[in-house]
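Chains as they are written, first to last, in the UniProt record's numbering: chain B, 1 to 322; chain F, 1 to 825.
No wet-lab data here; the hints were simulated from the structure.
Any given hint could turn out to be false.
[Said to hold, decoys possible] Below 35 Å or equal to it, Euclidean Cα-Cα: the simulated DSBU-like pairs (lysine-lysine) are:
#, chain 1, residue 1, chain 2, residue 2
1, B, K225, F, K563
2, F, K392, F, K425
3, F, K69, F, K129
4, F, K563, B, K309
5, F, K563, F, K425
6, F, K807, F, K795
[As the list claims (entries may be wrong)] Residues of chain B placed beyond 12 Å of chain F at every Cβ, according to the derived structure:
#, residue
7, A117
8, C147
9, I199
10, G267
11, H276
12, K281
From the three backbone atoms N, C-alpha and C, an ideal C-beta is built for every residue, glycine too.
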Amino acid sequence: MAAPPDPQFVLRGTQSAVHALHFCGGAQGREHQLLLSGSLSGLVHIWSLQTRRAIATLDGHGGQCVIWLQTLPQGPQLLSQGRDLKLCLWDLAEGRNAVVDSVGLESVGFCRGSVLARGQQRWMLAVPGRGSDEIQILEMPSKTSVCTLKPEADAKPGMPMCLELWQTDSSARPHLLAGYEDGSVALWDVSERKACSRIACHTEPVMGLDFDSQKARGVSGSAEKALAVWSLDEQQALQARGTHQLTNPGVSDVKIRPDRKLLATAGWDHRVRVFHWRTMKPLAVLAFHSAAVHCVAFAADGLLAAGSKDHRISVWSLYPPP
Amino acid sequence: MDPVLSSVRLTVREAVHTLSSSEDGGCIVSTLESLKRYLGETENPALPAEQEEFARVHFSALLRCLVSKLSPDWLGLLPDGQLEELWASFFLEGPADQAFLVLMEALEDTPGPSFRLMKMARLLARFLKAGRMAAVMEGQCRQQAELAFPLLQEALLVRVVGLPDRLGNRLQHENLAEFFPQRYFPLLGEEAVRVLQAVVDSLRGGSDCSVSFVSQVVGKACVYGRQKEILGVLVPRLTALTQGSCLWQRVCWRLVECVPDRAMEAVLTGLVETAPGPHALSRLLGNLVLKSKKARFVMTQKLLFLQYRHTTPALQSLLGYLAMDSQRRPLLLQALKELMETWGSSSAIRHAPLDQQRYVSKAVLICLAHLGDAELQDSRDELLASLMAGVKCRLDSSLPAVRRLGMIVTEVASSRIHPEGPPLKFQYEEDELSCELLALAAPQPAADSPSEAGSPVTPVAAETPDKQTEEGGVPQVRPQGSDSELDSDDEFVPYDMSGDRELKSGKAPMYVRDCVEALTTSEDWERWEAALRALEGLVFRNPAATREVSVELAQVLLHLEEKTSVVGFEGLRQRALVAVTTTDPARVAEYLTSQFYAVNYSLRQRMDILDVLALAAQELSRPGRLGRTSQCGSPGPTCPPSCAGAPTWRAVVDERIRRKTRRFSKGSPRKGLAGSPNEFNAVAGYFFFPLIQGFDRPLVTFDLLGDDQLVLGRLAHTLGALMYLAVNTTVAVSMGKALLEFVWALRFHGDAYVRRGLLSAVSSVLLSVPAERLLEDLPDELLEARAWLADVAEKDPDDDCRMLAVKALLLLEKLRDKLLPLAPP
Numbered sequence: 001m002a003a004p005p006d007p008q009f010v011l012r013g014t015q016s017a018v019h020a021l022h023f024c025g026g027a028q029g030r031e032h033q034l035l036l037s038g039s040l041s042g043l044v045h046i047w048s049l050q051t052r053r054a055i056a057t058l059d060g061h062g063g064q065c066v067i068w069l070q071t072l073p074q075g076p077q078l079l080s081q082g083r084d085l086k087l088c089l090w091d092l093a094e095g096r097n098a099v100v101d102s103v104g105l106e107s108v109g110f111c112r113g114s115v116l117a118r119g120q121q122r123w124m125l126a127v128p129g130r131g132s133d134e135i136q137i138l139e140m141p142s143k144t145s146v147c148t149l150k151p152e153a154d155a156k157p158g159m160p161m162c163l164e165l166w167q168t169d170s171s172a173r174p175h176l177l178a179g180y181e182d183g184s185v186a187l188w189d190v191s192e193r194k195a196c197s198r199i200a201c202h203t204e205p206v207m208g209l210d211f212d213s214q215k216a217r218g219v220s221g222s223a224e225k226a227l228a229v230w231s232l233d234e235q236q237a238l239q240a241r242g243t244h245q246l247t248n249p250g251v252s253d254v255k256i257r258p259d260r261k262l263l264a265t266a267g268w269d270h271r272v273r274v275f276h277w278r279t280m281k282p283l284a285v286l287a288f289h290s291a292a293v294h295c296v297a298f299a300a301d302g303l304l305a306a307g308s309k310d311h312r313i314s315v316w317s318l319y320p321p322p
Numbered sequence: 001m002d003p004v005l006s007s008v009r010l011t012v013r014e015a016v017h018t019l020s021s022s023e024d025g026g027c028i029v030s031t032l033e034s035l036k037r038y039l040g041e042t043e044n045p046a047l048p049a050e051q052e053e054f055a056r057v058h059f060s061a062l063l064r065c066l067v068s069k070l071s072p073d074w075l076g077l078l079p080d081g082q083l084e085e086l087w088a089s090f091f092l093e094g095p096a097d098q099a100f101l102v103l104m105e106a107l108e109d110t111p112g113p114s115f116r117l118m119k120m121a122r123l124l125a126r127f128l129k130a131g132r133m134a135a136v137m138e139g140q141c142r143q144q145a146e147l148a149f150p151l152l153q154e155a156l157l158v159r160v161v162g163l164p165d166r167l168g169n170r171l172q173h174e175n176l177a178e179f180f181p182q183r184y185f186p187l188l189g190e191e192a193v194r195v196l197q198a199v200v201d202s203l204r205g206g207s208d209c210s211v212s213f214v215s216q217v218v219g220k221a222c223v224y225g226r227q228k229e230i231l232g233v234l235v236p237r238l239t240a241l242t243q244g245s246c247l248w249q250r251v252c253w254r255l256v257e258c259v260p261d262r263a264m265e266a267v268l269t270g271l272v273e274t275a276p277g278p279h280a281l282s283r284l285l286g287n288l289v290l291k292s293k294k295a296r297f298v299m300t301q302k303l304l305f306l307q308y309r310h311t312t313p314a315l316q317s318l319l320g321y322l323a324m325d326s327q328r329r330p331l332l333l334q335a336l337k338e339l340m341e342t343w344g345s346s347s348a349i350r351h352a353p354l355d356q357q358r359y360v361s362k363a364v365l366i367c368l369a370h371l372g373d374a375e376l377q378d379s380r381d382e383l384l385a386s387l388m389a390g391v392k393c394r395l396d397s398s399l400p401a402v403r404r405l406g407m408i409v410t411e412v413a414s415s416r417i418h419p420e421g422p423p424l425k426f427q428y429e430e431d432e433l434s435c436e437l438l439a440l441a442a443p444q445p446a447a448d449s450p451s452e453a454g455s456p457v458t459p460v461a462a463e464t465p466d467k468q469t470e471e472g473g474v475p476q477v478r479p480q481g482s483d484s485e486l487d488s489d490d491e492f493v494p495y496d497m498s499g500d501r502e503l504k505s506g507k508a509p510m511y512v513r514d515c516v517e518a519l520t521t522s523e524d525w526e527r528w529e530a531a532l533r534a535l536e537g538l539v540f541r542n543p544a545a546t547r548e549v550s551v552e553l554a555q556v557l558l559h560l561e562e563k564t565s566v567v568g569f570e571g572l573r574q575r576a577l578v579a580v581t582t583t584d585p586a587r588v589a590e591y592l593t594s595q596f597y598a599v600n601y602s603l604r605q606r607m608d609i610l611d612v613l614a615l616a617a618q619e620l621s622r623p624g625r626l627g628r629t630s631q632c633g634s635p636g637p638t639c640p641p642s643c644a645g646a647p648t649w650r651a652v653v654d655e656r657i658r659r660k661t662r663r664f665s666k667g668s669p670r671k672g673l674a675g676s677p678n679e680f681n682a683v684a685g686y687f688f689f690p691l692i693q694g695f696d697r698p699l700v701t702f703d704l705l706g707d708d709q710l711v712l713g714r715l716a717h718t719l720g721a722l723m724y725l726a727v728n729t730t731v732a733v734s735m736g737k738a739l740l741e742f743v744w745a746l747r748f749h750g751d752a753y754v755r756r757g758l759l760s761a762v763s764s765v766l767l768s769v770p771a772e773r774l775l776e777d778l779p780d781e782l783l784e785a786r787a788w789l790a791d792v793a794e795k796d797p798d799d800d801c802r803m804l805a806v807k808a809l810l811l812l813e814k815l816r817d818k819l820l821p822l823a824p825p
């Protein structure tokens with residue numbers, strides 16, 4: 001059996017814990033690919049994967065932790081969510097780095113937002129809402145509130161912890177998967193504003209989830225010692241597929257590789273775990289970081305990045321897609 | 001007088017006359033041809049009565065005459081060696097016993113290396129090759145007991161068995177390969193089988209026969225120590241022959257029964273060792289042990305209790321043989337009782353060598369495997385009593401090997417003798433010996449026949465099923481592998497994930513004082529464990545802070561108990577204690593040595609103290625230690641200010657040389673160890689003297705000279721180690737003196753482990769104390785020690801003790817050699 005792999009390279013210099021990672025611009029090849037990282041100190045670093053240096057630093061969150069980064073498909077526009085209750089939209093085209101717009105948030109939690117780009121100009125944004133258990137859906141870029149998803153009165157799932165907007169290729173109905181504080185995962189039909197299905201996957205808050213819309217199968221990780229795999233059947237009902245035990249408790253992020261072959265989890269135990277997504281067979285345990293890993297991200301070409309509390313971002317090339 | 005007899009006599013006398021006087025080849029040939037009539041096998045043989053008379057009375061005389069004529073000239077009377085051929089035919093065709101005796105006699109009488117001697121030797125070789133030895137023995141077997149002539153038989157026996165020796169003496173360097181014992185005795189074995197075949201045939205024919213001569217031959221050969229050669233041939237053949245035939249078995253039994261008592265032991269030992277299994281042995285011996293007292297003594301006493309060199313298969317054959325017949329089983333039970341008694345006797349444990357104890361243990365286990373539950377129940381009390389006594393003595397022993405033997409045998413024996421009780425389970429490491437012993441205890445499958453059948457066909461037959469299973473095994477494995485491979489279309493080979501362990505939260509204290517506090521008061525076990533893990537490093541990094549709390553820390557560590565199951569707890573605690581002791585040697589060593597003789601400590605803690613002291617002393621005396629500690633921050637010995645500037649210019653020069661020099665290959669940079677003073681020098685006394693002082697003052701709970709001999713052994717070893725580590729120190733001489741006194745007081749201790757410690761202590765005295773001082777200050781002690789060492793080297797039952805004593809003696813010798821060259825000039 002091969003020895004555990006080493007990172008391809010390590011990015012240092014954020015000078016604070018890394019809480020968000022996002023790859024962008026991979027379409028033109030590795031040379032133009034960028035890695036964005038958001039740190040506890042409120043800065044967003046833009047790394048060139050060619051030079052492996054930070055090419056720009058964005059400061060828009062007043063020293064508050066950046067917890068979510070997302071680029072939009074139309075043009076080099078970046079969304080960053082900070083704990084200063086602001087969601088900034090940056091224009092990165094032609095070396096610019098200016099905040100073009102910002103959305104005020106009303107939740108102080110750690111819940112990351114989610115984006116669904118429907119057309120060229122209009123896109124949908126899901127963020128935690130004003131009430132502690134609400135989720136707000138916004139129509140962007142007009143910032144009009146489409147609806148507020150509020151659980152039924154007797155459900156009491158607690159705060160939403162992670163969100164995932166998606167829609168199938170065939171239907172235009174957007175759906176939202178939300179992981180809640182009580183460990184349950186719920187599926188919302190956004191247009192009907194109602195929860196289609198809800199299952200209790202964990203006994204601890206759900207920390208991260210990802211969904212493979214082709215296979216209608218998703219995975220969620222929580223503060224406990226197990227990953228839960230669930231799937232969506234024809235009637236839009238969630239069904240538990242099984243759990244996968246981990247050595248140490250605490251998963252802060254889960255991501256499925258864009259080609260749906262691999263699953264990576266960011267562990268509080270300083271390790272990144274890699275699984276075969278279809279079989280959930282463990283493939284590797286990446287023990288490089290010396291503190292909890294907060295986030296993982298996959299690039300379009302299969303590159304894996306992990307950001308940790310130890311201020312470092314490790315970049316790995318595992319089982320590269322052909 | 002009978003006319004037949006007189007006519008024979010006349011003919012022979014004439015012939016002898018002709019032979020001795022005639023020089024005419026034709027005449028001699030015709031005379032010899034005429035005499036050959038009496039040997040039969042010619043066209044017109046003589047009358048049977050004449051033949052018998054010739055063989056009985058005249059044959060030897062004629063042969064002697066023939067021998068006397070042997071010379072190159074005489075043989076040259078006829079061309080092409082016709083005469084020699086004719087001459088030899090008398091020896092090869094006539095009555096074998098007489099021919100053999102005459103040949104041997106002539107060989108012994110013929111002087112020096114000569115033509116005649118070599119001719120005779122070659123003739124004897126031909127005699128052997130022609131299988132005439134079987135005829136010699138057969139002749140003796142066919143004789144009726146009353147007709148046998150004991151003196152002749154005795155003479156024959158001595159010569160048959162002693163042939164290699166006699167020929168070797170006679171021929172010296174000219175000896176022929178046929179007469180080497182390695183070739184002669186196997187041949188003798190073959191011949192014996194042929195004789196036995198003839199005996200069996202004649203018994204089938206209804207005529208009487210005796211095998212006693214063959215028994216005597218085999219017996220004598222075994223007494224001569226040729227068991228392997230002769231039985232190595234005999235046993236496999238007999239094993240095969242007795243398999244299907246009762247007659248053969250009876251002949252075999254008779255063969256062994258007829259062995260004289262004085263040869264019985266040699267024969268039985270050989271048989272037990274060569275027989276391929278209990279079944280074969282049982283067929284060869286029959287109920288011999290019931291018939292012969294001597295055989296019973298050999299089989300049930302001598303081989304089990306007085307010897308211990310036999311292999312395990314031999315032991316299995318022996319005990320299996322006893323178990324095979326209902327009449328012999330009481331003997332097996334009796335043997336088991338006696339074995340258990342020996343096994344449980346404390347004196348045997350103390351004085352018997354380890355190998356013998358192992359042997360007896362194996363025998364016990366084999367007996368237990370053979371005996372049934374009912375038989376064991378009958379004598380249960382007796383066995384249980386021996387077992388209990390044995391367990392106690394063995395677990396008390398300070399030798400791990402003895403303890404382990406005790407554990408294994410007790411586990412097995414208690415489960416057999418006392419099956420209804422809860423099973424006994426000891427903790428011991430599995431190793432080769434324990435596996436072997438446990439395998440012996442498993443009941444044997446009844447038939448060992450495939451291995452013993454001895455026919456060349458069987459091994460092949462036994463091999464084939466092995467191959468089949470092997471081949472059968474492989475395809476079973478393959479589909480499993482391919483199954484799982486089929487499952488995953490994209491071949492993601494997992495990486496090694498063995499490093500994926502539970503994460504310990506980091507609550508490690510940062511200061512030595514915090515550690516002490518965490519270890520004493522903390523109820524948070526994670527913190528407690530983290531403190532224990534961090535302690536060694538902290539102590540090394542902060543020597544000054546450690547010195548402030550060193551004794552307190554040592555106390556805490558000494559009393560530390562493993563409250564949660566921490567992996568490697570003992571090692572962590574020990575390393576931390578050693579670190580503390582090396583950091584502040586004088587005070588901590590003083591504390592530890594005082595605690596060694598204090599009340600209310602467990603043996604474990606006392607032994608920990610000894611270990612820590614020895615390890616700390618080792619660490620302190622390690623050369624090059626100073627360099628490391630000074631790096632860690634403790635100020636090393638002050639170096640004169642003038643040399644402070646030196647390294648810088650040297651570094652500059654070195655750098656310049658390195659830059660300007662081109663090297664083609666570069667070895668690893670060699671750095672000589674810098675000389676440094678032995679740090680142990682200053683503190684050796686704190687380690688040593690308090691320990692050696694109190695050993696003879698028993699406390700209520702701690703009596704070194706009584707039951708706690710294990711600790712005494714450890715103490716002796718530790719003192720030896722401290723002595724050894726104090727080499728080149730100034731206190732070494734007084735330490736050596738004290739240690740020799742200590743050794744002298746305990747030299748006749750009954751426990752082997754203690755004696756080992758004492759012997760190694762003597763060796764370290766010899767190594768550490770300078771030779772001149774030894775001779776000047778301790779001459780009497782040395783002389784006494786020498787006498788004692790010589791005694792131990794010769795007589796001690798323990799292997800290691802003997803070896804250590806020899807090593808110490810060698811050191812003494814070396815010491816003398818070192819001093820002697822000084823004396824003469």
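Exercise. Non-interface claim for I199(B): all C-beta distances to chain F beyond 12 Å?
Worked result: 27 Å, holds
For this session: For the pair we were handed, K392(F) and K425(F), check the Cα-Cα distance against 35 Å.
Result: 15 Å, holds
Problem set entry | Straight-line alpha-carbon gap K563(F) to K425(F), limit 35 Å | Satisfied, since the Cα-Cα distance of roughly 24 Å is no more than 35 Å.
Problem set entry | Assertion that K281(B) lies outside the chain F interface [Cβ separation over 12 Å] | 7 Å, violated
For this session: Given the hint that K807(F) pairs with K795(F), test it: the Cα-Cα distance must not exceed 35 Å.
Result: Roughly 15 Å separates the two Cα atoms, so the pair holds.
Problem set entry | Exclusion check [H276(B) not at the chain F interface, CB over 12 Å] | 5 Å, violated
Exercise. When you check the alpha-carbon spacing of K69(F) and K129(F), does it fall within 35 Å?
Worked result: 24 Å, holds
Exercise. In terms of Cβ atoms, is chain F entirely out of 12 Å range of G267(B)?
Worked result: 9 Å, violated
Exercise. Does K309(B) lie within 35 Å of K563(F) when you go C-alpha to C-alpha?
Worked result: Distance ~34 Å between K563(F) and K309(B) Cα, so the pair holds.
For this session: Taking the shortest Cβ-to-Cβ distance between A117(B) and chain F, state whether it exceeds 12 Å.
Result: 30 Å, holds
Exercise. Does the structure keep K225(B) and K563(F) at a Cα separation of 35 Å or less?
Worked result: This hinted pair holds, its Cα atoms lying about 26 Å apart.
Problem set entry | Cβ separation check - C147(B) to all of chain F, threshold 12 Å | 41 Å, holds
The structure is inconsistent with the numbered hints 10, 11 and 12, although it conforms to all the rest.
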